[in-house]
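Given chain A, work out where chain B should sit, using these hints.
2 protein chains.
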Amino acid sequence: MTSHQQAVDALRDLLGDRLSTGPSILDLHGRDAAYSTPRAPDAVAFPDSTEEVSEIVRICARHGCPVVPFGIGSSLEGHVIPVQGGISLDMSRMNRVLKVNERDLDAVVQPGVTRTQLNRELRATGLMFTVDPGADATLGGMASTRASGTNAVRYGTMRENVLALTVVLPDGRIIRTGSRARKSSAGYDLTHLFVGAEGTLGIITELTVRLFGVPERIHAATCAFEDVESAVDTVILAIQSGLPMARIELLDDFQMKGMNLLSPELDLPEKPHLFLEFHGTEAGVGEQVETFRDIAEAHGVSDFRTATRTEDRNRLWEARHNAYFAAKALMPGCSAVLTDCCVPISALAECIARAKSEIASSGLIAPIVGHVGDGNFHLSILIDPENPDDFARAKDLATRINAAALDLGGTVTGEHGVGTGKMRYMRAEHGEGWDLMAQIKRAIDPANIMNPGKIVEA
Amino acid sequence: MTSHQQAVDALRDLLGDRLSTGPSILDLHGRDAAYSTPRAPDAVAFPDSTEEVSEIVRICARHGCPVVPFGIGSSLEGHVIPVQGGISLDMSRMNRVLKVNERDLDAVVQPGVTRTQLNRELRATGLMFTVDPGADATLGGMASTRASGTNAVRYGTMRENVLALTVVLPDGRIIRTGSRARKSSAGYDLTHLFVGAEGTLGIITELTVRLFGVPERIHAATCAFEDVESAVDTVILAIQSGLPMARIELLDDFQMKGMNLLSPELDLPEKPHLFLEFHGTEAGVGEQVETFRDIAEAHGVSDFRTATRTEDRNRLWEARHNAYFAAKALMPGCSAVLTDCCVPISALAECIARAKSEIASSGLIAPIVGHVGDGNFHLSILIDPENPDDFARAKDLATRINAAALDLGGTVTGEHGVGTGKMRYMRAEHGEGWDLMAQIKRAIDPANIMNPGKIVEA
Chain A
1 MTSHQQAVDA LRDLLGDRLS TGPSILDLHG RDAAYSTPRA PDAVAFPDST
51 EEVSEIVRIC ARHGCPVVPF GIGSSLEGHV IPVQGGISLD MSRMNRVLKV
101 NERDLDAVVQ PGVTRTQLNR ELRATGLMFT VDPGADATLG GMASTRASGT
151 NAVRYGTMRE NVLALTVVLP DGRIIRTGSR ARKSSAGYDL THLFVGAEGT
201 LGIITELTVR LFGVPERIHA ATCAFEDVES AVDTVILAIQ SGLPMARIEL
251 LDDFQMKGMN LLSPELDLPE KPHLFLEFHG TEAGVGEQVE TFRDIAEAHG
301 VSDFRTATRT EDRNRLWEAR HNAYFAAKAL MPGCSAVLTD CCVPISALAE
351 CIARAKSEIA SSGLIAPIVG HVGDGNFHLS ILIDPENPDD FARAKDLATR
401 INAAALDLGG TVTGEHGVGT GKMRYMRAEH GEGWDLMAQI KRAIDPANIM
451 NPGKIVEA
Chain B
1 MTSHQQAVDA LRDLLGDRLS TGPSILDLHG RDAAYSTPRA PDAVAFPDST
51 EEVSEIVRIC ARHGCPVVPF GIGSSLEGHV IPVQGGISLD MSRMNRVLKV
101 NERDLDAVVQ PGVTRTQLNR ELRATGLMFT VDPGADATLG GMASTRASGT
151 NAVRYGTMRE NVLALTVVLP DGRIIRTGSR ARKSSAGYDL THLFVGAEGT
201 LGIITELTVR LFGVPERIHA ATCAFEDVES AVDTVILAIQ SGLPMARIEL
251 LDDFQMKGMN LLSPELDLPE KPHLFLEFHG TEAGVGEQVE TFRDIAEAHG
301 VSDFRTATRT EDRNRLWEAR HNAYFAAKAL MPGCSAVLTD CCVPISALAE
351 CIARAKSEIA SSGLIAPIVG HVGDGNFHLS ILIDPENPDD FARAKDLATR
401 INAAALDLGG TVTGEHGVGT GKMRYMRAEH GEGWDLMAQI KRAIDPANIM
451 NPGKIVEA
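Chains as they are written, first to last, in full-length UniProt numbering: chain A, 1 to 458; chain B, 1 to 458.
This is chain A alone, in the form it adopts within the complex (with noise of 0.2 Å):
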């Protein structure tokens, strides 16, 4: 019998029916959204508290088995593949609202709750949660993966809205990070290591998160402009400008096609856009509007459309999260690699101007859609599943456009996390610095059994 069945064998006598060997389970936790290579772990667990956590901790510490944490398996480069085997940890029964604190702005959930979930149990207290990446992503997830979305410009990303979390360890010790006081000088930053760890460091087992007020007024826009670059740059000076942007998104002329494919309805000019979105008072948000449309018409915009109303508002941003299935929308059946790469906004022009080109030479189609206030975009470079010829090309050309920004000072990942499929660029990245990963990995999971062969090599 092998250690990974030891340690599912005294799984079974803890869980009884919470944990699965079914294969349609198996299968369902050997993938991503993206296109990494599947692999089914051993078992599947649902746990229901930090306690029972720790436990299976404990038995899989004991038995040398991997332990792999699970949100809904919508991370894009391989997170949640047990690439050794070992237990997939499915949060998905984690999934309570324990406390909402009005009067300090942060709620304490449950790592399985998912951003649409949170933002309904909010909704009668004029509170909001801002961190919205494409995917209807688990809290616990978008804390592994550190993601953020199309509000970070304005709110942050997961980094700035995780205030404290609880945390099993690689031994089975439960601690709390951080407290639900804003600030802190009190010794090393154990949130911000666990943030972005990707499972690799321990398993978030509760998470206090930070909230915004609903603002007074909201007003979202769209426009279009005769060239990517006369867009970008109208971003540039509005950040420079210090307009507290909320949203500012850029969708280019091959994004717009897939998106008038996908959501017809919205029947927009297959030209490079911007969504917009700007919050504040009834006076605020007014200002905002009439500086940014003096920005964007000395950069030749055309087609400058608002929508006010909440559904409009709604269906515009839903057409803009579905912004992976347009670009898809464009090549019946096919599959897409998608990039991730954020660069200082002043080289963002640059490196888009780089991207484009790398794409005409690649003969690939790749849309372009970037939270590019953040100077963060992302190509979905479209490939024939069936042709291993495409998949190479495409490979190719992800690493030309990661090279580029890290020429331009930048990262190979503004959201999306490492996993396995950017581990091969953390040389060049962090240089002796993914050293120093590995030395941390190494004591706090000296056995590598948390989501090993991720982020760093253990």
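Take these hints with a grain of salt, some might be off.
Cross-link-like lysine-lysine pairs, in silico, DSBU-like; alpha carbons within 35 Å at most [as the list claims (entries may be wrong)]:
{"hint": "1", "chain 1": "A", "residue 1": "99", "chain 2": "B", "residue 2": "356"}
{"hint": "2", "chain 1": "A", "residue 1": "356", "chain 2": "B", "residue 2": "356"}
{"hint": "3", "chain 1": "A", "residue 1": "257", "chain 2": "A", "residue 2": "99"}
{"hint": "4", "chain 1": "B", "residue 1": "257", "chain 2": "B", "residue 2": "271"}
Cβ-to-Cβ under 7 Å is the rule here; a few derived chain B residues that face chain A [claimed, not checked]:
{"hint": "5", "residue": "33"}
{"hint": "6", "residue": "92"}
{"hint": "7", "residue": "95"}
{"hint": "8", "residue": "179"}
{"hint": "9", "residue": "190"}
{"hint": "10", "residue": "284"}
{"hint": "11", "residue": "344"}
{"hint": "12", "residue": "374"}
{"hint": "13", "residue": "388"}
{"hint": "14", "residue": "415"}
{"hint": "15", "residue": "417"}
{"hint": "16", "residue": "420"}
{"hint": "17", "residue": "423"}
{"hint": "18", "residue": "432"}
{"hint": "19", "residue": "439"}
Using C-beta positions, here's what the derived DEER-type ranges look like [as the list claims (entries may be wrong)]:
{"hint": "20", "chain 1": "A", "residue 1": "294", "chain 2": "B", "residue 2": "126", "range": "16 to 24 Å"}
{"hint": "21", "chain 1": "B", "residue 1": "294", "chain 2": "A", "residue 2": "457", "range": "45 to 53 Å"}
{"hint": "22", "chain 1": "A", "residue 1": "424", "chain 2": "B", "residue 2": "126", "range": "50 to 58 Å"}
{"hint": "23", "chain 1": "B", "residue 1": "265", "chain 2": "A", "residue 2": "309", "range": "36 to 44 Å"}
{"hint": "24", "chain 1": "A", "residue 1": "442", "chain 2": "B", "residue 2": "49", "range": "25 to 33 Å"}
{"hint": "25", "chain 1": "B", "residue 1": "457", "chain 2": "A", "residue 2": "294", "range": "44 to 52 Å"}
{"hint": "26", "chain 1": "A", "residue 1": "360", "chain 2": "B", "residue 2": "406", "range": "55 to 63 Å"}
In case anyone wonders, no lab produced these hints; they're calculated from the structure. Where is the CB? At the ideal position from N, CA and C, for every residue including glycine.
Below, chain B alone, put in the same frame as chain A:
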């Protein structure tokens, strides 16, 4: 010859005149700005570059000799005191602003640059660096203690304002953490690990910090309340209303009395005060002031004075930054023991009420000031330095107030750091998380030469 002496000799060969063992230099580098027990280093090194710091650290590592970084010595919890002797690493010669990236709103600086120096050098750009502890501290020191100040409620602490670091590790390796991109998901957040580590994990030799545009309009104000509770309730409601306050500072009646002794030209009534600042556009600031005044009036505000001219605002904030000296003016010849707790804002009124009741029972004089928008406040507990009984009573009072902060879900240090002074609270605040901090320390600095005896017991 001791191993420290061997290190000193080797360093003299490397640094020549830039290694000092002069008694007054040693004395200066063996104290901090507060009531910590002095201990002189064996020598003080004045490095010129990252590479030289690396050489120094390699020499010290070879001889097992402690290395304690020193900015301007304005910290308050014994951070800079070489409690096990060794080398004080004075960063004052590494004091150049290396680059201001106006388009990206960031600057690259050496660690010996002070906050007012950076702002002086930014004057022509229309940009500002916002973190402002009481002293004109160095940015390296501020990053190491995760410092904040009066602007943190709007612009964040050093946690939010450091984008990237160059760090010399305990074995002399030089790493870069983070990048100038505004966000990244590329592995463990090493930047946040070194921010607040107080030099116990490595030496910061370069920082990239965020800048903000100087707002179009700045409006300062002071307002008086009948009691601290009314002032605090005003703050809580203002923050909860989402008012983007730039500064919101509490000073109690004792503190105002001291301020009138030190800065009589302000001539403010000796009642609890809020000192405020509003940043924004002309219209935006007008709206903010009006909304704030409505809230304050509902809490019985009196004597609402505004200051819009730069010189009036500067006078006000200079007086606020001198709060420590104003407090000491109440009792000539006294020393002060400072507290620094921070609680969730909903608990702020309760925490201050408990503090005032503890002060009353103690029989000591202890003015209160606070960055109350963050839930952070300080007592300056005044003691006769010749009277050991006074010191014991002050420590006891501080202990009670910190216990109250922890009981209310807060932290024992909002911005001063741990050093040696706050180590005795770490177990209560972090539980087994403190052990994890020690694990990390031992992994990165196994010989325990980096500022030993601070934050953790390694």
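Status of the hints after comparison with the structure:
{"no.": "1", "hint": "A:99 x B:356", "verdict": "holds, 30 Å"}
{"no.": "2", "hint": "A:356 x B:356", "verdict": "violated, 64 Å"}
{"no.": "3", "hint": "A:257 x A:99", "verdict": "violated, 43 Å"}
{"no.": "4", "hint": "B:257 x B:271", "verdict": "holds, 8 Å"}
{"no.": "5", "hint": "33", "verdict": "violated, 15 Å"}
{"no.": "6", "hint": "92", "verdict": "violated, 23 Å"}
{"no.": "7", "hint": "95", "verdict": "violated, 24 Å"}
{"no.": "8", "hint": "179", "verdict": "holds, 5 Å"}
{"no.": "9", "hint": "190", "verdict": "holds, 6 Å"}
{"no.": "10", "hint": "284", "verdict": "holds, 5 Å"}
{"no.": "11", "hint": "344", "verdict": "holds, 4 Å"}
{"no.": "12", "hint": "374", "verdict": "holds, 5 Å"}
{"no.": "13", "hint": "388", "verdict": "violated, 28 Å"}
{"no.": "14", "hint": "415", "verdict": "holds, 5 Å"}
{"no.": "15", "hint": "417", "verdict": "holds, 4 Å"}
{"no.": "16", "hint": "420", "verdict": "violated, 13 Å"}
{"no.": "17", "hint": "423", "verdict": "violated, 9 Å"}
{"no.": "18", "hint": "432", "verdict": "holds, 5 Å"}
{"no.": "19", "hint": "439", "verdict": "holds, 5 Å"}
{"no.": "20", "hint": "A:294 x B:126: 16 to 24 Å", "verdict": "holds, 18 Å"}
{"no.": "21", "hint": "B:294 x A:457: 45 to 53 Å", "verdict": "violated, 59 Å"}
{"no.": "22", "hint": "A:424 x B:126: 50 to 58 Å", "verdict": "violated, 42 Å"}
{"no.": "23", "hint": "B:265 x A:309: 36 to 44 Å", "verdict": "violated, 54 Å"}
{"no.": "24", "hint": "A:442 x B:49: 25 to 33 Å", "verdict": "holds, 31 Å"}
{"no.": "25", "hint": "B:457 x A:294: 44 to 52 Å", "verdict": "violated, 59 Å"}
{"no.": "26", "hint": "A:360 x B:406: 55 to 63 Å", "verdict": "holds, 60 Å"}
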